[in-house]
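Engineer: In the UniProt record's numbering, the protein residues as written are 1 to 108.
Treat the hints as calculated values from the structure; they're not laboratory data.
Computed from a prediction, not measured in an experiment: that's the story for all the values here.
Do not take every clue at face value.
What follows is a set of in silico ranges between Cβ atoms, one per label pair, in the way DEER data are often shown [said to hold, decoys possible]:
| # | residue 1 | residue 2 | range |
| --- | --- | --- | --- |
| 1 | E22 | Q67 | 16 to 24 Å |
| 2 | E12 | G50 | 32 to 40 Å |
| 3 | N61 | A96 | 19 to 27 Å |
| 4 | C85 | A19 | 15 to 23 Å |
| 5 | I83 | A19 | 19 to 27 Å |
| 6 | G26 | A96 | 14 to 22 Å |
| 7 | L32 | V100 | 15 to 23 Å |
| 8 | H95 | A19 | 20 to 28 Å |
| 9 | L92 | W13 | 37 to 45 Å |
The beta carbon of each residue, even a glycine, is placed where N, CA and C say it ideally should be.
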Amino acid sequence: MTDEAFAQADPEWLALIRAAREWLSGPLGQLLLEEERRVLDEELGRYFGGYLVHYGPSAQNPPVAPQVQRNVRLGAPLPGVEIVCEEQAWPLSEHAADVVVLQHGLDF
């Protein structure tokens, strides 16, 4: 996946996601993500199942739950995203995921 958007993507939304990725890649963003990673690693160790779905603007690898079989990343058409979708239109059925991590999805 490249930084090139697909035709239906809202350009303002894509600009916000890119700005968020840029900030999270900076020193303060990295510090925030490191602290979150510590908390998430501990918390996600308690969960199990078939699918963990992660949504967030960070370019880093998403957190994983060791006892969950598959981790899937949703989001903007950017590198590292496996299922491209906008935040209000996730292509998942009601019970498709066992764990959902919404990491800074509402911030931007």
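Engineer: Cβ-Cβ distance between E22 and Q67: within 16 to 24 Å?
Structural biologist: Between E22 and Q67, where Cβ atoms are some 33 Å apart, the hint is violated.
Engineer: Could one say that the CB atoms of E12 and G50 fall in the range 32 to 40 Å?
Structural biologist: About 35 Å separates the Cβ atoms of E12 and G50, which means 32 to 40 Å holds.
Engineer: Is it true that the C-beta distance of L32 to V100 lies inside 15 to 23 Å, as the hint says?
Structural biologist: 20 Å, holds
Engineer: Holds or violated: the 15 to 23 Å window for the beta-carbon distance between C85 and A19?
Structural biologist: 19 Å, holds
Engineer: If you check the beta carbons of I83 and A19, does the distance land in 19 to 27 Å?
Structural biologist: Cβ of I83 to Cβ of A19: about 22 Å, so the range 19 to 27 Å holds.
Engineer: Given a hint of 37 to 45 Å, does the C-beta separation of L92 and W13 actually sit inside it?
Structural biologist: 19 Å, violated
Engineer: Tell me if the beta carbons of H95 and A19 are separated by a distance inside 20 to 28 Å.
Structural biologist: Cβ of H95 to Cβ of A19: about 34 Å, so the range 20 to 28 Å is violated.
Engineer: Taking 14 to 22 Å as the hint, is the beta-carbon distance of G26 and A96 inside that range?
Structural biologist: 34 Å, violated
Engineer: I want to verify a distance hint. Is the separation of the beta carbons of N61 and A96 within 19 to 27 Å?
Structural biologist: Once the Cβ atoms are compared, 21 Å apart, the range 19 to 27 Å for A96 and N61 holds.
Of the numbered hints given earlier, the model fails hints 1, 6, 8 and 9; all others are met.
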